[in-house]
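Protein chains: 2
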Amino acid sequence: MPETIGFIGLGIMGQPMALNLAKAGHKLAVYNRTSGKTAALEAAGARVASSPADAVRDANIVIIIVSDSAAVEAVVTGKDGILETLRSGAIVIDSSTISPVVSRKMACLAASKGASWLDAAVTGSKHGAEKGELTFMIGGDRATFDNAMPILKQLGKKHIYCGLHGLGLSAKLAQNTIQATMVEVFCEGFVLATKAGVKPEVMLEIIQSSMARAGITDFKAPFIFKGDFTPYFPLKLMHKDLELAAEFGYAQGVPMPVLGAVKEVYMAAKAQGKGEQDYAAIVTFLEELAGVKVRT
Amino acid sequence: MPETIGFIGLGIMGQPMALNLAKAGHKLAVYNRTSGKTAALEAAGARVASSPADAVRDANIVIIIVSDSAAVEAVVTGKDGILETLRSGAIVIDSSTISPVVSRKMACLAASKGASWLDAAVTGSKHGAEKGELTFMIGGDRATFDNAMPILKQLGKKHIYCGLHGLGLSAKLAQNTIQATMVEVFCEGFVLATKAGVKPEVMLEIIQSSMARAGITDFKAPFIFKGDFTPYFPLKLMHKDLELAAEFGYAQGVPMPVLGAVKEVYMAAKAQGKGEQDYAAIVTFLEELAGVKVRT
Numbered sequence: 000m001p002e003t004i005g006f007i008g009l010g011i012m013g014q015p016m017a018l019n020l021a022k023a024g025h026k027l028a029v030y031n032r033t034s035g036k037t038a039a040l041e042a043a044g045a046r047v048a049s050s051p052a053d054a055v056r057d058a059n060i061v062i063i064i065v066s067d068s069a070a071v072e073a074v075v076t077g078k079d080g081i082l083e084t085l086r087s088g089a090i091v092i093d094s095s096t097i098s099p100v101v102s103r104k105m106a107c108l109a110a111s112k113g114a115s116w117l118d119a120a121v122t123g124s125k126h127g128a129e130k131g132e133l134t135f136m137i138g139g140d141r142a143t144f145d146n147a148m149p150i151l152k153q154l155g156k157k158h159i160y161c162g163l164h165g166l167g168l169s170a171k172l173a174q175n176t177i178q179a180t181m182v183e184v185f186c187e188g189f190v191l192a193t194k195a196g197v198k199p200e201v202m203l204e205i206i207q208s209s210m211a212r213a214g215i216t217d218f219k220a221p222f223i224f225k226g227d228f229t230p231y232f233p234l235k236l237m238h239k240d241l242e243l244a245a246e247f248g249y250a251q252g253v254p255m256p257v258l259g260a261v262k263e264v265y266m267a268a269k270a271q272g273k274g275e276q277d278y279a280a281i282v283t284f285l286e287e288l289a290g291v292k293v294r295t
Numbered sequence: 000m001p002e003t004i005g006f007i008g009l010g011i012m013g014q015p016m017a018l019n020l021a022k023a024g025h026k027l028a029v030y031n032r033t034s035g036k037t038a039a040l041e042a043a044g045a046r047v048a049s050s051p052a053d054a055v056r057d058a059n060i061v062i063i064i065v066s067d068s069a070a071v072e073a074v075v076t077g078k079d080g081i082l083e084t085l086r087s088g089a090i091v092i093d094s095s096t097i098s099p100v101v102s103r104k105m106a107c108l109a110a111s112k113g114a115s116w117l118d119a120a121v122t123g124s125k126h127g128a129e130k131g132e133l134t135f136m137i138g139g140d141r142a143t144f145d146n147a148m149p150i151l152k153q154l155g156k157k158h159i160y161c162g163l164h165g166l167g168l169s170a171k172l173a174q175n176t177i178q179a180t181m182v183e184v185f186c187e188g189f190v191l192a193t194k195a196g197v198k199p200e201v202m203l204e205i206i207q208s209s210m211a212r213a214g215i216t217d218f219k220a221p222f223i224f225k226g227d228f229t230p231y232f233p234l235k236l237m238h239k240d241l242e243l244a245a246e247f248g249y250a251q252g253v254p255m256p257v258l259g260a261v262k263e264v265y266m267a268a269k270a271q272g273k274g275e276q277d278y279a280a281i282v283t284f285l286e287e288l289a290g291v292k293v294r295t
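Line order of the protein sequences matches chains R and C. As numbered in numbering that gives the first Met the number 0, residues 0 to 295 make up the first sequence, in order. As numbered in numbering that gives the first Met the number 0, residues 0 to 295 make up the second sequence, in order.
Each hint can be trusted.
Output of the computed footprint for chain R on chain C, the stretches with three or more beta carbons under 8 Å from beta carbons of chain R: (1) 159-170; (2) 174-184; (3) 189-196; (4) 245-256.
Pair ranges (Cβ atoms, derived): (5) C:Gly44 <-> R:Glu263: 52 to 62 Å; (6) R:Glu287 <-> C:Ser49: 45 to 55 Å; (7) R:Pro254 <-> C:Phe218: 17 to 27 Å; (8) R:Glu200 <-> C:Gly113: 30 to 40 Å.
Hints listed in this document are in silico derivations from the structure and should not be mistaken for laboratory results. Here the structure is a predicted model, which means the values were calculated and not measured. Just so it is clear, CB atoms sit at the ideal spot from N, CA and C, and this is done for glycine as well.
Build out the structure end to end from the sequences listed, making use of the hints.
Right, dumping it as C-alpha cells:
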C-alpha cells in the first residue's frame with residue numbers, strides 16, 4: 000500500500016534509501032539540510048520540501064537519516080522541525096546513528112504529539128542501501144515495529160528487534176565498535192607483515208585460510224590494496240560512532256579499553272584530513288607512520 | 000615414505016600433531032620438557048627420548064613446537080640440545096610461535112650443522128591440530144619448503160610459503176594480532192550491548208547478519224555464552240604472541256597503537272589468573288569490570 004512519507008537526510012545512505020521508496024510508488028516529500036542533493040529524488044517524483052516540518056506535514060511515515068545527535072535534535076526540535084507538524088499516529092523511523100540517550104528523548108517528544116518513534120540504525124553501507132539489502136537494528140514498541148515492517152522491508156533484507164527505545168542504537172554502537180576495530184587491526188597487521196617482507200596478497204591468503212576471516216575485511220582488502228578510499232562509509236562518521244560508543248560505555252560504567260585506543264586512531268586520521276575518505280583509509284595513517292605501503 | 004622424525008613439544012598442539020604422524024606410520028622419537036605427556040605417543044609406537052639431542056639423533060625430520068623463544072633456544076642450543084646431534088641434511092620444522100629474529104638465529108645455527116630450518120607457525124588451534132587441518136605459514140628456503148611438504152601435508156590442509164627465514168612468523172604475529180583483537184573487541188561490544196539491555200543472542204544475530212561476521216567469533220560465541228573456557232588456545236600464549244608482535248613492531252619501526260591496548264588487556268586478564276583458560280576468557284575480565292555477564 001503506498002504511504003505518504005516524509006524523508007529527511009539525503010546523504011550516502013539516505014539518497015539510495017529514498018530512491019528505493021520513490022521507485023516503490025510511495026508519495027515522498029524529501030528534505031536535506033544542504034541543497035543540491037534533491038535532483039535525483041525530484042526526477043523520481045518526490046516533492047522537495049522547504050523544511051523538516053514541511054516534509055512531514057502530510058506524512059504517516061517519517062524517515063530520518065542524518066549525521067549525528069545534534070542534527071537529529073535540530074530536525075526534530077529546531078525551528079521548522081518536525082515537531083511543529085508531526086501528525087498524531089505517524090511513525091518516525093530514525094536510522095541515524097546517534098546517542099541512545101538522545102534518541103530516547105526524541106521518542107518522548109514524538110509521543111507528546113501522539114506519534115511513535117523507532118530507533119532503526121542500519122548496517123550494510125552505501126552498497127546495501129542501494130540494493131535495499133540493509134540490516135536494521137530496531138528499538139521501540141513491538142507494535143510500532145510490526146506496523147513499520149512493510150516500509151522497512153523495502154529498505155532492507157533483515158530487521159532485528161532489539162527491545163525498547165534506544166536498544167537498536169545500543170546494538171549498532173557495539174556492532175560498529177567491533178567492525179571499526181576489525182578494519183583498524185587488519186591494517187595494523189598488514190602494515191607489520193608488509194614491512195617485514197610478507198607480500199600483502201600472501202598475508203590475505205593466510206587470513207582467508209584462518210578463522211580471522213571476516214566479511215568486512217574481505218570486502219575492504221581489494222580497496223586497501225588499490226589505495227581506493229572512495230567513501231562507502233566516511234571515516235569521520237565511523238569516528239563519530241566510536242565516540243558515541245565510548246560516551247555510551249562511560250554512561251553505563253562499561254570500561255572499553257580497546258575502543259579507547261581505536262577511536263583515537265580514527266580521530267588522528269581524521270585530524271590529518273582523511274575524514275571524507277572511506278574509513279579503510281585508516282591504513283594510510285598507519286602506513287605513513289611505518290613508512291611502508293600495503294599495495295599489490 | 001616413512002620418515003625418522005624427532006618431535007619436541009607435546010603440548011596442546013604438539014600432542015595431536017605427533018599422534019597424527021605416528022598413526023601415519025613414521026618412526027617417531029618424542030621429547031617433552033615436563034614428563035607425563037608421552038603416554039599416548041608411547042602407546043602409538045613412539046620412542047620416548049631422554050633429551051632433545053636424544054630425540055633427533057637419527058632423525059631426518061625434526062619438528063619443534065614449544066611455548067616461546069626461550070624454550071626454542073633451550074631445545075636447540077641448551078645442554079643436550081638438538082645442535083649436539085642434529086644430522087647434516089636434516090630439516091628442522093619449528094612450529095613454535097617465537098620472535099622472527101630468534102628464529103633467524105636458530106636457522107643459522109642449524110645451517111652450521113648442515114641442516115635446514117623452516118619457521119612454520121600454525122593456526123587452527125587444538126581442533127585443527129587433531130584433524131590434521133592446520134594452516135601453516137612458512138619461512139625459509141623454497142627448496143626446503145618443497146622437501147618438507149610430504150610431512151607438512153600430514154599435519155595441515157594449507158601451507159603458505161611466505162618467503163625467507165622469519166617471514167612465516169612475521170605473518171603469524173600479524174595474524175594473531177588481528178585474531179586476538181577481533182575476539183577482544185567482540186567481547187567489548189557484547190558487554191556494552193548486554194549492559195544496555197540487548198540480549199546476547201540478538202546481538203549475535205546482528206553480527207552474523209553484518210559484515211562484522213568472522214570465523215573466530217562464530218567459533219568462540221557459543222563458548223562465551225556458556226562461560227566455557229576450556230583452552231583451545233590458552234590466554235597466556237595469546238598474550239605472549241601479542242607481546243612478540245609488539246616487540247617485532249618496535250624492532251621494525253611499525254607503530255601499532257591498537258595492539259598496544261589489546262596486549263595490556265590480555266596481560267591484565269593473565270595477571271588475574273586467567274592465563275590457563277582459553278583466550279576467549281578475556282570476556283570475563285571485561286564482564287567483571289562492567290558488572291554484567293554475557294550469558295544466554
